[in-house]
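J.: One-letter residues, chain by chain:
Number of protein chains: 4
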Amino acid sequence: MGSTLGRLFRVTTFGESHGVGLGAVVENIPAGLALGEEDIQIELDRRKPGQSRISTPRKEDDRVTILSGVFEGRTIGSPVAMVVYNENAREKDYSDFSDVYRPSHADYTYHVRYGHRTYRGGGRASARSTIGVVAAGAIARKLLRELAGVKIAAYVSSVHKIIAPDYLSLGADAIREKAESNDVRVPSAELAESMARSIQDARQSGDSLGGTISLLVENLPAGIGDPVFDRLDALLAQAMMAIPATKGIEIGSGFAGSEMTGFDHNDEFYMEDGKIRTRTNRSGGIQGGISNGEPITMRIAFKPTATISREQKSVNEKGEEVKLSVRGRHDPCVLPRAVPIVEAMAAIVLADQYLISQTARIDRIKDQP
Amino acid sequence: MGSTLGRLFRVTTFGESHGVGLGAVVENIPAGLALGEEDIQIELDRRKPGQSRISTPRKEDDRVTILSGVFEGRTIGSPVAMVVYNENAREKDYSDFSDVYRPSHADYTYHVRYGHRTYRGGGRASARSTIGVVAAGAIARKLLRELAGVKIAAYVSSVHKIIAPDYLSLGADAIREKAESNDVRVPSAELAESMARSIQDARQSGDSLGGTISLLVENLPAGIGDPVFDRLDALLAQAMMAIPATKGIEIGSGFAGSEMTGFDHNDEFYMEDGKIRTRTNRSGGIQGGISNGEPITMRIAFKPTATISREQKSVNEKGEEVKLSVRGRHDPCVLPRAVPIVEAMAAIVLADQYLISQTARIDRIKDQP
Amino acid sequence: MGSTLGRLFRVTTFGESHGVGLGAVVENIPAGLALGEEDIQIELDRRKPGQSRISTPRKEDDRVTILSGVFEGRTIGSPVAMVVYNENAREKDYSDFSDVYRPSHADYTYHVRYGHRTYRGGGRASARSTIGVVAAGAIARKLLRELAGVKIAAYVSSVHKIIAPDYLSLGADAIREKAESNDVRVPSAELAESMARSIQDARQSGDSLGGTISLLVENLPAGIGDPVFDRLDALLAQAMMAIPATKGIEIGSGFAGSEMTGFDHNDEFYMEDGKIRTRTNRSGGIQGGISNGEPITMRIAFKPTATISREQKSVNEKGEEVKLSVRGRHDPCVLPRAVPIVEAMAAIVLADQYLISQTARIDRIKDQP
Amino acid sequence: MGSTLGRLFRVTTFGESHGVGLGAVVENIPAGLALGEEDIQIELDRRKPGQSRISTPRKEDDRVTILSGVFEGRTIGSPVAMVVYNENAREKDYSDFSDVYRPSHADYTYHVRYGHRTYRGGGRASARSTIGVVAAGAIARKLLRELAGVKIAAYVSSVHKIIAPDYLSLGADAIREKAESNDVRVPSAELAESMARSIQDARQSGDSLGGTISLLVENLPAGIGDPVFDRLDALLAQAMMAIPATKGIEIGSGFAGSEMTGFDHNDEFYMEDGKIRTRTNRSGGIQGGISNGEPITMRIAFKPTATISREQKSVNEKGEEVKLSVRGRHDPCVLPRAVPIVEAMAAIVLADQYLISQTARIDRIKDQP
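Residue numbers (my numbering), protein chains in the order written: chain A, 573 to 941; chain B, 573 to 941; chain C, 573 to 941; chain D, 573 to 941.
Just so you know, these hints were derived from the structure itself, not from any lab. Hints may be right or wrong, so weigh each one.
Any copy will do: because identical chains look the same in the list, a pair fits if it lies in one copy or spans two.
In silico lysine-lysine, DSBU-like type, Cα no more than 30 Å apart, as pairs [stated by the list, open to error]:
(1) K733 x K885
(2) K938 x K895
(3) K847 x K885
(4) K847 x K890
(5) K733 x K847
(6) K938 x K723
(7) K847 x K895
(8) K733 x K723
(9) K938 x K890
(10) K847 x K723
What you are looking at is a predicted structure, and each value in this text was computed from that prediction instead of being measured.
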């Protein structure tokens, strides 16, 4: 069950980098949604490696094929299966393979659990396994846009110790536009420059950097979220922490909120154009686990990439202490490519809960299904 | 589905403070576990209100009754249902009830979603609904202790701006002993005193305080956790963020880890007594979503209690802007009573994943079930 | 997971006859449904033992208490937990307990699976464990009636070799009225008399009888059912076969349909008052796993009660071949009391799928949840 | 959720005949199982059309590709995704498409539910959608064989009014061998001849035939099955009734058992070589919903194929009453090709419950997962 996310709008991902292909099956997409491969491809292109000077120089095409669930440009109610084929998968070179457990990687834990190694540059623990998430998220995103005009935008809010100011007030459209115009995906050309430099420096010295991503969701109606365990913030937390390399998540005021008093922290209600609003949004758009109509705001912490080329100490499968130097074309900082993954995870959770909320009240259920 | 947590060891909680009782049904507890009401009661007693000068003066007895699933002191494989009856539930006084949406409460969002209010001091959004979590967690905790000697201990690591040093290295037994010996549940008598004073000051001024709780899990074997979506850290994040008033969670190095470089952050492997260990534990005991045998470490942020007696502005159900003053016997700081809830949530997730891990490898499956 | 039925409208039952109480928790009942204990009690009264000369002389009151999820007479969106307490449960006499595996009972299989015996007259395998099903079914039934005027009526269609004619054409109201007016629950006073006599004869000779129950569901809208695995007929089959003592199920034409040709079996479509109807209903109201608006018709086979007082051969826990004579106040024929259980199972499945069908088409999803 | 079967060993199928491909994703296969495409292909070949004179003359190759989850010939614990591509899918000719609802097909009900037609010879309601079931079943079958030597064999036990004698006592190996040696899949060359003739006659006259399939499972250990709702017979009933064209299922004595008395029906226990056995097997290998170590026996009823070429009356999408003549290369009797589907469904349910049973007792859980 570890590969399935969602209760109703349900996503099952599959695939490893050393296999034939990766992808996802998405169940319970309402019938009638306009959907084509181009809707998926646009998001996959944001995730793929080799996009810029600061990401891995590996080039992968990552073309998606929709296998099922769409007919004449619309979903038909059956599962949508999508696949991205690995190039030259079968001929992959494993000569580089070593029996050393790379520090802070999944090598050791996968070995204990499954009795096998997650092969270098490969395996289910690889970031490449998020292809299915991004593909499924593209459908969720389109569904939310069609149903309620929901907008989802994430951006890199820090790289190492370079911390961006709060850009959430720009709004989703501006964040998307500004962040997509540079290769760091921060909504500031200037910051992009200094962050990129910092990333390139890390690469030069065989090291890597962490950082944070901030997320904004606009236009989500009030009433979404399913207490007590499927509180909207709880489900978003699970989804975000399921992205490789994440170490923390906070919603609204987050950890800083823990240092405030109730009087300062409470979000005062007021009326605006006949609508109930809050003057501040320390709740991050969620109260009691249910959306309140204000923007959803979150921040996610990513550790620095575990794969570095500086020499490290470790142990191998035989239990011998050894030294390890990894060469290869890895990302010294995963943040820029993680932005579409964060958005996809949010979209999946929100689409799922949007559908579930349809049956929360008897006076809103349609008599004729 | 919002009231169910877990895939195999599955907990469904029920109950509101204005109903007859609250509790939980736990499915798929292995048959043969020694279990009695005293195992549950000991944890409920840690959660109940009125324990000390810094919590609400409401006194509730919160006695648990096991309705099913136990015979002659052992589980029999069928669901264990547990209930705690509300005292005088039916005669409760709702004269105090008002139509004002309390700021940063669930009043408004519950109203939108369910078409009704979560009544003051009551409702499913109340902290009282965590009784089922604590009861189910007590079973999970006992199961983990029997199966693998797992120890779970949490403590209050900050109240408002008073931040405790890192006590994780004390180990679970010492944390439990020291934290339980004062009413703040911080493993330091001195800090307990200053935190308690700060909480009482907040109460005096009609205000409330937030803080953080740190969690330590010892003796969890390596190999627990189910990538990609049911990574152990992802499931723990969901469970913690499902506790009322939480705003953030971090695992291992957390947000601070995002400001480190890979070389500094990676946990070097070494051998100790024939066992693979890591010299540091920035991973927080989880790598690639699977436990690595090191202690699990997490920190959870709680916002200040939303219920305060200082006057606030808000709106009512008719959409009128009003002033609101809440009287009542609420906790000015939920942290001390949240400690057993955090532990219970961890126990439920870990017990569930412990059982699921039994079938991860074909060479470990028993031929005769 | 074995104690949970349903995907969205989700029922978890608990309880054994030797414990404190039995019942169910029902999740995701839409908020706002009028509901009281009397709605549940009316169905429990139809199931309880000691109703008549042909059932067990044991008298049990089986009063239900709603613990949660209802406030001021309406559901509030949180789980509804219900409990029926066992009378004198703690003092129950087990002197009668023997270590012999009763033939065609669950004694042996429970022992293998759980390492313990399901105690005589008790245990989770007891018919008493269907109390939770009937209680949950009462809610499902009310929901379906409110949403779409759905009517559900079952009746005893055979006892041993006395086979009733097809009463389905009477319609649900008449079936209910006629069947409830006698203690066999067959819609014919005459047949009731001969069936009752046959049951009493079996009791006299220390034997027991099987039979069949027929089910009719009216007014279920077309479009309910979720191919491919959650076809409506597949889910109904699971639910019915989960009733103790069932050996078979057929829908529409059933086994007899397997001996027809396609031309004779196909249900011709025609128009009636602007509505698409079928002239025959060999499909039993379900085509391709989805309801077609015609009445749902099913028949369920029950084996004769395994508990008989005639002497039988068996083996005991030590593996010795022994003779066994069971005394006790058991039902020589479970059929009459199984009628409300069959109806309850149908109601649960249909309510669940009714809710799920709300999100099957994008053009029917409400923009504002 | 309609496309997922299983709780732990979880199968999600996808695909329609008018799409790019069909297949399945299987989650939670224990790591380390030897598996190759040939294991899958052998079962798909038994299901594919065009095998013989009595099935459809359409020829399809139905080659499977494993996309993920297998490395160097063994499962690795991640989902196994499998796909079978449709040949010439994109260029398919729909000129034959009509707006008439074919009697006893899913045309009308799919239209109501999803707002679209399931296109002739295509759609998710097509028998072709069972490809995923057969592929997943092949893995389940191999897993059960490796773990416990479980053998699964089904055969055609009746075609129209030609009813075979009970061949269950032949045992699984002999049934498989004899049934596979003729194109009807009945374990008798003589019966095969008369059944084949009867099928060809039906085709000649533009008609179709139904029938029954009997299933035998050997070597399933006692203790498998998860009361109360996931009783093994209940789950098998769901799985079988999810096969297109099924109208009924019975286990062990089935409907005939309802006409017996308890004394005649009960399965007497006795000892054989130190093992507890039953002299008769009216229970069909399942007591109280849990396997008892005896062979599992079931019978499934299939209606005659709905697609016939004889002229029928029906209505079209506009609500007009029309006449309908379908030409095409359909199977006049689905039974022979349904045999591997019945076996696959059984295998999926049993593999799932076999894994779940690993955690039923605390004394059987491994300390080190």
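J.: Are the CA atoms of K938 and K890 at most 30 Å apart within a copy, between copies, both, or neither?
T.: Classified as between: cross-chain Cα gap 24 Å, same-chain 63 Å, threshold 30 Å.
J.: Regarding K847 and K895, is the shortest C-alpha distance of 30 Å or less found within a copy, between copies, in both, or in neither?
T.: Classified as between; 18 Å across copies, 63 Å inside a copy.
J.: How would you classify K847 and K723 at a CA-CA limit of 30 Å: within, between, both, or neither?
T.: Within one copy, since 20 Å is at most 30 Å while 41 Å is not.
J.: If the cut is 30 Å between Cα atoms, do K733 and K847 qualify within a copy, between copies, both or neither?
T.: neither (40 Å within a copy, 36 Å between copies)
J.: My question is about K847 and K890: at a cut-off of 30 Å on alpha-carbon distance, are they close within one copy, between copies, both, or neither?
T.: between (65 Å within a copy, 11 Å between copies)
J.: Pop the pair K938 and K723 into one bin, within, between, both or neither, using alpha-carbon distances up to 30 Å.
T.: both (27 Å within a copy, 18 Å between copies)
J.: When Cα atoms must be at most 30 Å apart, do K938 and K895 count as within-copy, between-copy, both, or neither?
T.: Answer is neither: 65 Å inside a copy and 34 Å across each miss the 30 Å cutoff.
J.: If the cutoff is 30 Å on CA atoms, where do K847 and K885 land: within, between, both or neither? Let me know, please.
T.: between (60 Å within a copy, 16 Å between copies)
J.: Within a copy, between copies, both or neither: which one fits K733 and K723 at a CA-CA cutoff of 30 Å?
T.: Intra 29 Å, inter 36 Å, cutoff 30 Å: intra-copy only.
J.: Treating 30 Å as the Cα threshold, decide for K733 and K885: within, between, both or neither.
T.: within (26 Å within a copy, 39 Å between copies)
Hint violations for this structure: numbers 2, 5, all remaining hints satisfied.
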